[in-house]
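These protein sequences, in sequence, are chains A and B. The first sequence begins at 1 in this note's numbering and counts up one residue at a time. The second sequence begins at 1001 in this note's numbering and counts up one residue at a time.
There could be a bad hint or two in this list.
As the list claims (entries may be wrong) - Capping the alpha-carbon separation at 25 Å, the derived lysine to aspartate or glutamate pairs in DMTMM-like fashion look like this:
hint : chain 1 : residue 1 : chain 2 : residue 2
1    : B       : 1312      : A       : 95
2    : A       : 241       : A       : 175
3    : A       : 297       : B       : 1209
By construction, these hints were calculated from the structure, which means they are not laboratory data.
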Amino acid sequence: MSIILLIEQILNGLQFGVMLFLMAAGLTLIFGVMGLINLAHGSLYMIGAFAAAAGAAATGSFVLGLIAALMAAALFGALIELTVIRRLYARDHLDQVLATFALILIFSEATRWVFGSFPLFLDTPDFLSGTVTLPGGILYSKYRLAIILIGLAVAVGLFLLISKTRVGMRIRAGENDREMIGALGVDISVLYTMVFALGAALAGLSGALVGAIQSVEVGMGEPVLILAFVVIVIGGIGSIKGALAGAILVGLTDTLGRTLLPVLFASFMEPSAATSVGSALASMLIYILMAGVLLFKPTGLFGSA
Amino acid sequence: MLPERMINLLILGLLLAVPLVALAMDEPFIITLATKAAVLAVAGVGLNLALGQGGLVSFGHAAYFGVGGYAMGILASHAQSYTPIMEVPFLIEGTKSMLVIWLVAIVASALVALLVGALSLRTSGVYFIMVTLAFGQMLYYFAISWPAYGGEDGLSIYVRNGFPGLNTLDPIQFFGLCFAVLLIVLFVVNLLNKSPFGLALNGAHQNEERARTVGINVYRLRLTAFVISGAITGLAGALFADLNRFVSPTMFSWHTSGEIMVFIILGGVARLCGPVAGAAVYILLEHVLGGLSEYWHIYLGAILLFVVLFAKGGLVGGLSRREVRHAG
Chain A
1 MSIILLIEQI LNGLQFGVML FLMAAGLTLI FGVMGLINLA HGSLYMIGAF
51 AAAAGAAATG SFVLGLIAAL MAAALFGALI ELTVIRRLYA RDHLDQVLAT
101 FALILIFSEA TRWVFGSFPL FLDTPDFLSG TVTLPGGILY SKYRLAIILI
151 GLAVAVGLFL LISKTRVGMR IRAGENDREM IGALGVDISV LYTMVFALGA
201 ALAGLSGALV GAIQSVEVGM GEPVLILAFV VIVIGGIGSI KGALAGAILV
251 GLTDTLGRTL LPVLFASFME PSAATSVGSA LASMLIYILM AGVLLFKPTG
301 LFGSA
Chain B
1001 MLPERMINLL ILGLLLAVPL VALAMDEPFI ITLATKAAVL AVAGVGLNLA
1051 LGQGGLVSFG HAAYFGVGGY AMGILASHAQ SYTPIMEVPF LIEGTKSMLV
1101 IWLVAIVASA LVALLVGALS LRTSGVYFIM VTLAFGQMLY YFAISWPAYG
1151 GEDGLSIYVR NGFPGLNTLD PIQFFGLCFA VLLIVLFVVN LLNKSPFGLA
1201 LNGAHQNEER ARTVGINVYR LRLTAFVISG AITGLAGALF ADLNRFVSPT
1251 MFSWHTSGEI MVFIILGGVA RLCGPVAGAA VYILLEHVLG GLSEYWHIYL
1301 GAILLFVVLF AKGGLVGGLS RREVRHAG
């Protein structure tokens, strides 16, 4: 395996990790502040992708599609928070799981009803198509590089929002003691809706960005949702830093595992068997990573007990 | 308002009566629907032991359902093609005998549940939900990417496996068999619930600290419950595979885990026959709503949302006057 291919795969892993971070950050924020496990986060990712595809098709502009995705996801997020989710904060996790599972069923089928069963396609914008030459003569997709940069920018923005602004202060206070900040005069239900809509917008952004690499279809959100759960378990729940570290770790492990394991097995097995064993094992690698973290640190790398 | 025992008899009586009436009216499809309800009920009863009694919200029971299904698929496909499963170090051949298949399904799913449970039970609460979901998904991807047994396409079995003295291809006889399995499972779970083990499990659900203080090893108790729960769901998986004469990675999908949970919430959490009522209602909804609209999951979602938000206790809880012994 050449070093150039390896670097390319590392970049792909980073890009995948950054996407997972956008999902996991919303989930972990919502859990941290409201104590809610939201399975419908994957549906918001899907809504973002569909809104971007429909918006870009209608206007011909990728950027407008992206804005449509952010707005649609935030809007639907606020909508379900106001109608359903806020009734669940005081409930146990089982009720939260079942109610948000019901939301997945509704969103998936409604999307199928509106857009049909065939996948939509979202083209990468002209100014980001093609490749860019990185130092060392490595050619890499401009679009994927842009995703990495957008993701890192969002991570920095989120960090600043939470640590430096007034809203961020309230979010942190909400994580520590929600009754107290309510008593101090913060309108907690508005704060909750805002946090939920923010998480939804991040999921929508993630879906829209990935939509230009993969096809946009019903059910695209749940596999990503479950990976985001793995990220959160590894990183530690409620921690944005943990979400970032976990996401990059999962992204790199998965991408590199899929490339390297078949090659590794081929060094001592016959090629066809090596491919099947290698790819089967690669598909399980991140879960094995999660199992390892659970063995040594059940609360995750950055989690507190 | 009825005592719960009456409701249980009513539910089981209805589940038994429907296929008998269908037999008299010569409607084999309805018998198959009732069989499906009985088999899915077994899976639900299995999960309910961990979820209802033990408070362990496992979102990964599709794993055991799938392992049971693949136990049947692998054994039967080898018997079908007359090829041994392995020759070294000793010969293992496939089989078409349901009893052997059930045993293998139970043992295999119990082993997987032991492994997953041992890791997952190191966590609790929302972590536990996410970890069980993730391990379920791991087996799903494994089933898809492992090419030996059909990969993504799954495995078809041409003839249903055999049971001594029965013609299992006759719908009503196969229903009888599945219903008998359901009754045995209910009987065993009821015994477990009332045994010191079940009481301790329930106690640890209500107050973990107190259970620990009186000297109960909560981790081992929960792991035992989790393994039994997985084994029952694995048995249901083997039956489900035999019902369809087909196994595919779909049995492992997170959606299947969600559905098994839905049976419980529709019927009533921690109620003995809750999952039976829930599975029957689910099949009924699937059949009736599925006939009305291609997009019946929207209605299912709406009903589920309503039950979770406003009708806690499900069907059995709504009919029964006695509160369930503990609050969630």
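Practice task
Decide if the proposed pair is consistent with the structure: residue 241 (chain A) and residue 175 (chain A), CA atoms, cutoff 25 Å inclusive.
Solution key: holds, 15 Å
Problem - Given hint residue 95 (chain A) paired with residue 1312 (chain B) - CA-CA distance at most 25 Å - result: Since the Cα atoms of residue 1312 (chain B) and residue 95 (chain A) sit roughly 9 Å apart, the hinted pair holds (cutoff 25 Å).
Exercise for the section: Quickly compare the C-alpha distance for residue 297 (chain A) and residue 1209 (chain B) to 25 Å and report which way the hint goes. Expected result: holds, 22 Å
Every hint, counting from the list given before, is met by this structure.
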